[in-house]
Amino acid sequence: MHGARPTLARPDGALVATVNPQAYPGLGVPVLDLNR
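My numbering applies: residue 1 is where the sequence shown begins, and numbers increase by one.
Everything labelled a hint here was simulated from the structure, so no lab data went into it.
Check the hints yourself; a few may be wrong.
Now the in silico label distances, taken between C-beta atoms and shown as ranges [to be verified]:
(1) 35 - 11: 26 to 32 Å
(2) 28 - 8: 14 to 20 Å
(3) 34 - 7: 15 to 21 Å
(4) 7 - 33: 16 to 22 Å
Glycine is no exception: its CB is placed at the ideal position from the N, C-alpha and C atoms.
Could you put the whole structure together from the sequences, leaning on the hints where they help?
Pasting the structure below:
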């Protein structure tokens, strides 16, 4: 799942939620590990 909704904490609106967080290095956006 990739989200792009702006929030107060992240006005540029980027978030990646994945079961494989190692696949998204260096994006400069938060990565939510769904395995946790």
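Structure-based check of all given hints:
Residue 35 and residue 11 have their C-beta atoms about 28 Å apart, which keeps the hinted 26 to 32 Å range intact. Between residue 28 and residue 8 the Cβ separation comes to about 18 Å, which falls inside the hinted range of 14 to 20 Å. At roughly 19 Å, the beta-carbon separation of residue 34 and residue 7 lies within the given 15 to 21 Å, and the hint holds. Range check, residue 7 to residue 33: Cβ separation about 19 Å, and the 16 to 22 Å hint holds.
Hint compliance for this structure: every hint is met.
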